[in-house]
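**Student:** Take a look at the letters that make up each chain.
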Amino acid sequence: MSVLPAAVQSFSPGAEPVRKGRIRINDVVKIYGADDTGILAVDHCTFEVPPGEITVVVGPSGCGKTTLLNAIAGFHSISSGSIYLDDQMLCGPGKLKAQPGPDRIVVFQNGALFPWKTNIENVTFGPIMQGAMSSAEAYDKARDMMADAGLRDVEHNYPGEISSGVRRRVEIVRALMNNPKILLLDEPYRALDSLTKSVMHEALLEIFYKNRVSIFFITHDLEEAIFLGHRVVIMTTRPCRPKKILDIDIPHPRDYSVLTAKRFREFMDETVAAVHEEAIKAFAAGEKER
Amino acid sequence: MAAAGRAVSSKVASFILGDDFWRGVVSIAAFLVFWEIGSRSQAWFGFAFPWVSQVPAPTAVLQEMFKLVQEPSFWNSALLSTVRVFEGFFAAMAIGIPLGLAMAVSRTFYGITFPVFEVLRPIPPLAWVPASIIFWPTQELSIAFVTFLGAFFTIVINVIGGAQAIDVRYFQAARSMGSSTWDIFRRIILPGTLPSIVVGATVGVGITWAVVVAAEMISGGGSAGSMGGAAGGGLGFFIWNSYVGGSYTQIVAGMISIGIAGYISSAALRKIGQWMTPWLSEN
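Protein chains in written order, with the numbering used here: chain A, 1 to 290; chain B, 1 to 283.
Hint data in this document are derived by calculation from the structure and do not stem from the laboratory. Some hints here could point you the wrong way.
As the list claims (entries may be wrong) - Incomplete in silico selection of chain B near chain A, CB under 10 Å: (1) T108; (2) G111; (3) E140; (4) A165; (5) V168; (6) P191.
As the list claims (entries may be wrong) - Examples of chain B residues lying across from chain A (beta carbon under 8 Å, computed): (7) R40; (8) S176; (9) F185.
All C-beta atoms, glycine included, are put in the ideal place defined by N, C-alpha and C.
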């Protein structure tokens, strides 16, 4: 659980990183229920997740962020519009539901490690399922990656035996084992206390610097968003649509000293009003529904 | 190993020294003393304590059991009942688990089978005894069938509930990581349902003991002679026979034997269950 270990130092911003996993969300609409009477969850939403960067989507709870994530992952269909991964259409006209695949792996809000498999069995699950590696290769790679992430001691534990912060790290390693183009993180640190959260943030950045995988990160925590993101997309409350898109020019690699930096505060000042406005709308809408 | 041994012995020691243990000892001792005094009240005090005086005293039962365990015919009865319990139980597992899984996995199959299942489920297994005797060619099969019913419905209900309660995230994660439908069945649904299967089996085997004894009393007890000696045996028949013969100590001894047998069966299944679901054990 080191603070900024070797991996970060070895990351050189000058080198051209592997750029993969650009997501383009074009005019996506999602209506739950019938077209005319259903609930509009996503309203003509358009934005881009640049390859090899962290894009954080911020919005009030229940605004429809997860709906977008489910559409990218292929768990749910969209009503219209299209979503592309690089040049491949995931979903769009004629194919409203994407096919789930190892190029887009979700790390779930409450975690989805299989409780009946040990951590290392979880981590090797993807490559073995896909036939991408032999069992021996998968275990070798899993041991390496888990050791890198400081998880050597919990290889043979069951997920139920370790803390939720460690579980989340195991799950991210499990995701990376699939060699995905993009990681989809759905409020992964929501249930963690703020101290654990700060450790997890740095660990996530560390993993990101090593792997340079695109990350689509959902949260309602603005500070988390600006700290992690290259790009922050602030969503309106339901129906969800980008209200403001910011490119955070604080240089990577970042560590926790960024939180007190002047530029960080400026971004906070610039966005906190917008987020607060949507939170009030969401709150009012919630009141009305009841 | 030594450390583990010490941990176990210190656990045992702290249990024996704990309040709960001594409360248990006092409770059981008081119960036995009350029972002993109550059942001998006529002889000792000259008045019959209501109800308890009809029951043979624990010391008499103990003596009877001591005699019984030396008799091969008692063990033969116990063995017969055990065989029937496990025939019915394993048949219930063998049919109930696949059926429950199929009902949980296929909405169509569920729609077709569940209503029939739900109509049959509330019928007590003992209500099946007469029909079962008519339907099955041998008495042995009819007893095993009734025993089967005792465990079957519990197992199926548990399997369906367990499989349906598996979190959708596990399916989504498995699907994303490239699992085929068969992989998902084998690696998600089966292990995800296993804890419920264990619960169903543990409860189910207890029910089979309750059912087998009654089935033996009803079908085996009265007709042992006419149907041929062996078919009439079993602990249920043993109790019934003791009643007919007026040996009340044997009745109680038989009852206690069934309690012990049921306890051992459930404990064994619980152990096997823990072994099969290592992720559920603590530490």
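**Student:** Next, verify each hint and record whether it holds.
**Tutor:** Right, here's what the structure says about each hint:
| no. | hint | result |
| --- | --- | --- |
| 1 | T108 | 22 Å, violated |
| 2 | G111 | 23 Å, violated |
| 3 | E140 | 39 Å, violated |
| 4 | A165 | 13 Å, violated |
| 5 | V168 | 9 Å, holds |
| 6 | P191 | 4 Å, holds |
| 7 | R40 | 54 Å, violated |
| 8 | S176 | 4 Å, holds |
| 9 | F185 | 13 Å, violated |
Going through the hint list in order, the structure does not satisfy hints 1, 2, 3, 4, 7 and 9.
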